[in-house]
Structure formats: structure tokens, C-alpha cells
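A.B. asks: Sequence:
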Amino acid sequence: MSHTSQRIMMISTHGYVAAEPEFGKPDTGGQVVFVIELSRCLARLGYEVDILTRQFEDQPAEEQVDDRVRLLRFPCGGKHFIPKETLCEAIPEWVQHVAKFIRDGNIVYDFINSHYWDAGLAGQALANRLRIPHVHTPHSIGAWKRDNMDGSPDELEQKYNFRRRIREEKVVYDECDLLIATTPVQRDFLLSPEGEYDCTRNKIRVIPPGYDDRRFFPVSRASRRSLKQQFGLEGRVVLALGRIAKNKGYDLLIRSMKEVFDRVPEARLVLAIGSTSPNPQEAEMVAGFKALASELGIEDRVVFHDYIPDEELCDYYRAADVFALSSRYEPFGMTAVEAMACGTPTVVTTEGGLWEQVMWGRDAIYANPFDPPAFGHAIASVLQYPEIYDQLAKYGCQKARAHFTWTGIAQQLLAFVDDLPRAPSDEDPTYEEPPVHSLMGEKSWTTGS
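Sequential numbering of the sequence shown, starting at 1, is according to UniProt numbering.
Treat the hints as calculated values from the structure; they're not laboratory data.
Please note that the accuracy of each hint is not assured.
Claimed, not checked - Taking lysine-lysine pairs in the BS3-like style, the calculated list, with each CA pair at most 27 Å apart, reads:
no., residue 1, residue 2
1, Lys203, Lys170
2, Lys394, Lys228
3, Lys79, Lys159
4, Lys84, Lys170
5, Lys228, Lys25
Quick caveat: nothing in here was measured; it's all calculated off a predicted structure.
Construct all of the structure, not just a fragment, from the sequences and the given hints.
C.D. replies: As C-alpha cells, then:
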């Protein structure tokens, strides 16, 4: 492929996307890290990258991320925050603003990489008009998430909009030029002829999320002890962090800790799941976690920590003795990879994608979080046996560095795009103004609920 434009469009429409992401804000987590860091790495490889997202509240229309990476925000659906489950309703308006921007600026993009299904709808509509490849990265899959969540079907549908989501995902997966799964498990789910998607095998590639090896790396034991003192952490620290969400399985981890405390009395669980501005639902969930700890009689050994600023994140990983990822459903588990990269032994859920990519007992330990004694036993074994701790610390870091750095991931993405068929050279891939009613295209957009 001849890279004539050397410009890539990244689309990530939901959450608080920013050069310095506001982690702890709703719908703002690993996907934002993925998009920002991948864009930075693509820029280091010679591309100009535009990250397109939604503008709301008092956010500026444009923000510079790096020399070759800019963040462009376009309004839709008003000035208030819209959850990712229902943002699809405002995507047509968003696409119209983006289309005008591209036309007025006569901007030429080499390809589009959209992230999550809301952005996938927008990406496919724009790719249809720009006549350029559309690479879609789902991150999370609606049917998989639905199948792995407990609760009544009606309640789940009302909260997560699964029927609409799965139908729209199917359209995006069918129409995009390349579909990026983050794990082999996710790929197999998309390919299953018994599932909702039944995707085409030759369209799917597997590229895992990555981490920034310039930030996440191991330090000496003395430095770890110093960091623990600096943060006021006591005992043997089991760390869990992330967004406040039911699928993260923090309640399962709390139940697992009873086994840990019985075997390692000096252990402490640090739950860094605070939000900078928790909504009522998030506050209710945290209150429920605290009540559960009290019910189990372990409230004095469970520490609820506020949101951890991004600049302190790697040092918190280093200060911990074990990192635990106990999700009910986790497409990948980037926080676990970051912890491994920092040399912190890691216990990961079997209800996600990462566990099949690590060697048990060497790179990490995996266990079923729905079996609290088993998950607790896995955590306790790291704290009880120095030889297990040392092996996981050493080889977990090596695994992360060998397989999950952003440079390798960006190079894989470009290589896969290189293999795609391109438009004939005499075709000008600049934007053509469509009639407003057909902007999304009948084939690439469905309506209804």
C-alpha cells in the first residue's frame, strides 16, 4: 500500500476522551488508554493521527495530544454526558458535523480505526463516503457481555440496550474491512456459527491491547518498600483498580479475601475504584461493597481508595504485593498487563481474554472469581510462597514486554491494513457530499430499539 495521505482517523466517541484522560469519570477507562497510546505510537511511526470524539459539557473543540496527534471533538445530543449504551441515538448528528469538517478542510485520511460499537457506526458511515478502509476494534462484544452478566433479562436490557447493540454490532462487523479482536477467545466468539455474529474468518485479526513500556517497568525491592510507605499502605497489599462497574467483580474479590485473610492475616485489600465525580449508581455500588466487607467481618482490612491520578498509577502497581483482576467479564485486562510490566505478581480472572495468553504459575496465576475460595487461594499462594512471588514478578514482566508493547501493536495494525485491497489509483478518495438522508446509508445503519 502506498501511504499517500499519511493521516489516520481514530474514532472513540463515548466517555471523557482527552490528552490526559480523566480516569474515574464515567465510561472512561482502558479503551481511552488504548486509543491515545496507539495513536501516539502510530505518530512515532510517521503518521498524522486525528482522534475524533464527542464534544460535551465545556470541552474544547480541539486539543493537541502530541506533535502529530490531535484530538478533535464534535457535538451531538446536547451538552450533557450520554452513557455509551444510548449514545448511538446521537451518532447521526455527530457524523454530519464530522463530514462537514472533512469536506471544508479537504482532509484526506488513509484509513479509519473505530473503537466500540457506537464509534463503529460512525466509522462505517464515514468510510462508505470517503471510500477508504474501515478497521473496527470492538473492545467489548455485546452478546458476550450479556451472556456473562447476572440479573434478569429485562433489567439487563433496560440498562445495557443489548438488543439494539447486538443488531448494530452485526451490521458494523459485516461491513467493515477489518475486524480486530483483542484475544483469541474474542475472535472465536465472533466466528462461532451458533452465535449472533457468525463473522467471516478472513476479516478478523487478533491484536492485543498494549502498555507504555516507558512508564510501566519494574523497580528494586527497596523502591517498592519506599513507595508503600509513601502511599501509607500497610501489610501485604492486594491491589485492584478500575472503573466502578458491576462487571469488574469487586464484590467477588471481597468475598475471595476471606480466604486470603485466614491464610495471610497481615494482608490488606486496597480497592482503588473511586471516581472523581461518582454518580448515584456508582455511590450505591461502593456502599454495597462496604456493606459486604462489614457483613463478612473484614471491613478493617479492606481499604477503599479514591481515584488514583494517572501520574501515580505505575507506582501504585509497584507498591502492591499482588494485583488482582476479578472481573465477571473482561475482554482483555489492560490493568493486569500494566501490573505485570511493573513486576507485580498478578492473579487474573478466567472470565476474560488475558488468561489464555499467559502461562499459569510462570507469567501469572488465573482462577475463577465465581469460586471465591479458589480465587482467594490463588492470591494467598503468591503471598505465602516467595518462590511463586519471584517467578511471577520476573516472568510476568518479561511476558508483558515481549508481547504487549504499543510499538509492536501499531506495527501489526499497519501490516494488516497494508494487506487490504485498495481503491484504484485513479480514484480520488476525498469526501463526496451525500444527501443528508443517506449520510449513514440504508445498509450501514439500523434504527429502532
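A.B. asks: Run every hint past the structure and note whether it holds.
C.D. replies: Against the structure, the hints come out as follows:
| no. | hint | in the structure |
| --- | --- | --- |
| 1 | Lys203 / Lys170 | 13 Å, holds |
| 2 | Lys394 / Lys228 | 20 Å, holds |
| 3 | Lys79 / Lys159 | 22 Å, holds |
| 4 | Lys84 / Lys170 | 17 Å, holds |
| 5 | Lys228 / Lys25 | 26 Å, holds |
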